[in-house]
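J.: Spelled out, the chains give:
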Amino acid sequence: MGKLYDRLSQDYRIREGLKACISCGTCTAICPAAEFYRYNPKKIVSIVQSRDDDAILELLKSDVIWYCGECMSCVTRCPRKNAPGLVIVALRALSIELGYFVESEKGRQQLPLMHALQGNVLNYGYCVYPLTFAYEMHPEYGLVGKWQKEHIEDVYERLGAHLGQVGPGALRKIPQESLDELKAIFDITGATRWMEIVEEKSREKAAEMGLTMEEYEAQAFTKTSSCHLNPEN
Amino acid sequence: MSQNVVVIGGGPAGIEASRKLRDLGYTPILIEKEPVLGGHLARWDRLFPDGVDASTFLDPMIADLDGIKYFTDTEVASINRLKDTWVVKLSNGLSAQVRAILLTTGFDLFKAEKKEEYGYGIYERVITNADLEAWFKSGAAPQFDDVKVIGFVHCVGSRDEKAGNRQCSKVCCVTAVKQACEIKEKFPDATVYCFYMDLRMFGRKYEDLYLKAQKEYGIRFVRGRVSEVSEDLDGHLFVKAEDTLFGKPMKLKADLLVLMSGMTPAASTQQLARMVNIQTGDDGFFLPKSLIVSPFTSSREGIFFAGAATGPKTLPETLSEASAAALAIDHYLKTLQR
Amino acid sequence: MIDFGYGLTPSSTLKIEDVRLPAFGELLRREPDAAKCIACGSCAASCSAGVFTEMNLRRVILSLQRGREKETLPLLRHCMLCGKCQLVCPRGVNTRHLILSIGKVYQLEEDKR
Amino acid sequence: MIYQGKQKIWSEYQKEIPTDHWFYVRSCIRQTFFPASEKMFLEILRNRLGKDVYETPSHTTCGGIAYHSEAIPQETVMTIIARQFALMTEAGYENYVCSCITSFGLYTEVMEDWREFPELEAKIRENLWKATKREFKTPKYLAHASDLVYKFRNEIAEQAKFRLVNRETGRPLRVVEHIGCHYAKMFPSKGVGGAEYPYVLAGMVESWGGEVVDYPERRHCCGFGFRQYLVKANRGYSLSNTHKKFESMEPFKPDMIITNCPGCPYFLDRWQYVIAEQTGKTYGENGYGIPVFTYEEVAGLVLGYDPWDLGLQTHQVAVEPLLDKMGVPYKPEDKYKGLNGKRLQRPEFPMNIKCC
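Chains as they are written, first to last, in this note's numbering: chain A, 1 to 233; chain B, 1 to 338; chain C, 1 to 113; chain D, 1 to 356.
If you're looking for bench data, these hints aren't it; they were derived computationally from the structure.
Source: prediction; values computed, not measured.
Even for Gly, the Cβ is constructed at its ideal location relative to N, Cα and C.
Among the hints, a few may not be true.
[Said to hold, decoys possible] Sample of chain A residues at the chain B side, in silico, Cβ under 8 Å:
| id | residue |
| --- | --- |
| 1 | S23 |
| 2 | C24 |
| 3 | G25 |
| 4 | T28 |
| 5 | A29 |
| 6 | E35 |
| 7 | P79 |
| 8 | R80 |
| 9 | K81 |
Please take these sequences and the hints and turn them into a complete structure.
T.: Below, the structure written as structure tokens:
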């Protein structure tokens, strides 16, 4: 029994998602991440269940907790009503809270992710927003996507969206008062603090790695080492 | 005139207990809802661990029912307490007033279609342990040709909180190993896999059977619970599990998949429990006074159990419990007379 | 051609029916005990070589059954044939003969190629 | 395949869906990639069926994508959701319908959590009050927008101008249905038809004349995976999972795919393009891909709306082969026009996947 486990056990997602695992492997069998990454959700649940703080600490610092896609397919199948996906979400949250996420390549992706997503939510009220969805960052948007970006106003108008307009409708301009409310919610519920932690820890890590913040963020967004994949591939 | 005892459920427990009660000088009234006596055993082909024919046990038992009043196609309509007796009314209009009732209602096989992800009742090549026994027993030709890869799925509806059955059904592991060897005899060229969570080879000679399955039959054992079954264009199956000892997801293309349906409380359990006002456990089986010293005695006067009505049991356990229950009833009734 | 900056990842799922095991069949002929393993791990726990290396007889047997001899056979080189596994194996597997047989059978396979 | 076996399961997952008076919230991804689908949803419900569906400009993202990318904590997403519920309460509604599956899954989960841990709900109420001075009631009924289209599928069929039938052969079109993971995998009883054999889209397909194709990887995720797509370094995961699905469905020769999740139609469409450009492989007939649609797009086609009003020109995989099969008329020259016929240059052609 250790301090990290105690903290995890306070998390509603652990209370909901980890009863008692019997290591049957139904989660791993159908896990989209287990097939392509060096990843096995059953092992993670087993480590958390062991309450071994050293092992949990290693998890929080590792790439392995960042492979899950949170599709929650595992939840349907577990015969013990566990939710391995929720256990992962709780581990990730703790890794951020304690600043361990910067110790892994996949964890360092928090910086570009949070910039993009918190930025979109606070500035526009959307998680994804056409004006910030860059074709250069998303070549799979396709040639039709490139065209859509080039003719953004015409295309959205043609499709009946209200991009940036007042009143209801798709992509409407969300009133400033509503955005202010989102900001207040961020401040009160810890999202702003998360951004501060991620900024600060990333800055420290960038310095340690000898990178500027821009280089660090760009590397986090694009770099992928071969160690994430299975050895036999 | 000898005293009547009502025995509810005409499977091996009910038949054996009735015979023993008769031998002790009582007149058992044996009630069976199905058209024939024998319960699940009547539909089973061969028995573990030796593979003897089930009918070699059951047929002599059924041939020896002199002195037992038995009613098939009959259910219990009501049971009421009248002073120190029980009045049992039957669906055929008859009724009996007795001092002792033995509940030998057994179990129902878990309905495999409830494990939706295994596709029983949807994918034709997915069958159950019971289907396989029926196939062996009838000797009918296999439904499918080209059976080259066969899988057995242990713990279907057992050890599964989502399916509402937390308990181990006890007999499926050894049944799967038995059936795997039998099907290997029918399809010598097939590769046979058993997907298990634990192999619970607890009984005498079970471990020998397991060893034989490994060495002589070449059955392949994979530790991992099957997560999903799907069907290919040609009706063959894809089975997904984790090979947990290897630590990797695994996919098997199978031509036949056998689901080891576990034991669940018989459908009549709750109704009968209400009629005689006794308790069931949170697993839904009848709850005896003690699981150790008197697993055949209920908390109520004159109500006794035998067999799988109080939880998953093997056939020899059921038979010896039937004898023990008959003795307990005899003792109880004699004590009343004194 | 557009450079997307990422690509398809190979699957690591064991497609077990694709695994052809002629060599394992030959191994069973030489040492039928290979089929008796129940993966209890006693051998791995007591292995002298396993203390310092990845050697793990339980794992070796399983890997051979899964067609993964390439990553497995090098482990066997660490075995010193001390025989402790034979003492602890609950199924009485002749581990010494098994290990030597694996060496022979798979070395022969190697030579054929 | 034994169809009756599925019917039996479907009969066990009947979801109660009220017929009218809904508070509507939009989806971030669908507004960005499929705005015309949301428009069609409102068109069908309000104008075709005369239903009351209310939308307030003040509603926002639920924060789901940010939450599932660990960009905001659980308390934040719960409080944003509480604010959405407050907007519903203030507008006088108690039936809540959302366009997004991630939202639907989160709303369901949040309400379950609050039921199980009342102290958590109290905390969120306090947060919301502090941040916005708002109060809320939880919805009496929660539905995903596809639940409503499912509910009215037969009414739509009655008004249909076209059917999911091959006009030339008279045979039903072979349709792959893809359900968003968060629709029912976490709470099977909350989805029409459950988690293993969801009926929400299959019901539409059957009602509109098509034939549902069940292929081995039907239940597999499209591979969005939130951070696994949003971060470029991870996109191999996303691509590989979609690839796995297409390899599995290919032998079944589907004519089209229908989806109910915001991201899935985008990924199933775009990853076909990437697979073709990287490996040369295409999954449709004659070098085309398999066209992928939202359920509103399919409903719109069935009801006879112009394909370019439905936004089908913004798909990378060409839809024309499917329109031809259904006999839906369209003007190729109008495909890439703006409002009022404004001429826009057409997109470039990809190398390996055929487009129109």
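J.: Please verify that hint: S23 of chain A, Cβ, nearest Cβ of chain B, below 8 Å or not.
T.: holds, 6 Å
J.: With a cut-off of 8 Å on the beta carbons, see whether A29 of chain A makes it to chain B.
T.: holds, 4 Å
J.: Please verify that hint: G25 of chain A, Cβ, nearest Cβ of chain B, below 8 Å or not.
T.: This interface hint holds because 3 Å falls under the 8 Å limit.
J.: Quick check on the hint: E35 of chain A CB to chain B CB, less than 8 Å?
T.: holds, 6 Å
J.: Are K81 of chain A and chain B close enough, Cβ to Cβ, to be under 8 Å, as the hint says?
T.: With a minimum Cβ separation of about 5 Å from chain B (threshold 8 Å), the hint on K81 of chain A holds.
J.: Answer holds if the nearest beta-carbon of chain B is closer than 8 Å to that of R80 of chain A; otherwise answer violated.
T.: Because about 6 Å separates R80 of chain A from the closest Cβ in chain B, which is inside the 8 Å limit, the hint holds.
J.: Would you check whether P79 of chain A satisfies its interface hint, that is, whether its CB is within less than 8 Å of any CB in chain B?
T.: Holds, about 4 Å.
J.: Tell me if the interface restraint on C24 of chain A is satisfied: Cβ within less than 8 Å of some Cβ in chain B.
T.: Since chain B brings a Cβ to about 4 Å from C24 of chain A, closer than 8 Å, the hint holds.
J.: Would you settle whether the hint for T28 of chain A is holds or violated, based on the nearest Cβ-Cβ distance to chain B being less than 8 Å?
T.: holds, 4 Å
Violated hints for the displayed structure: none, as all numbered hints are satisfied.
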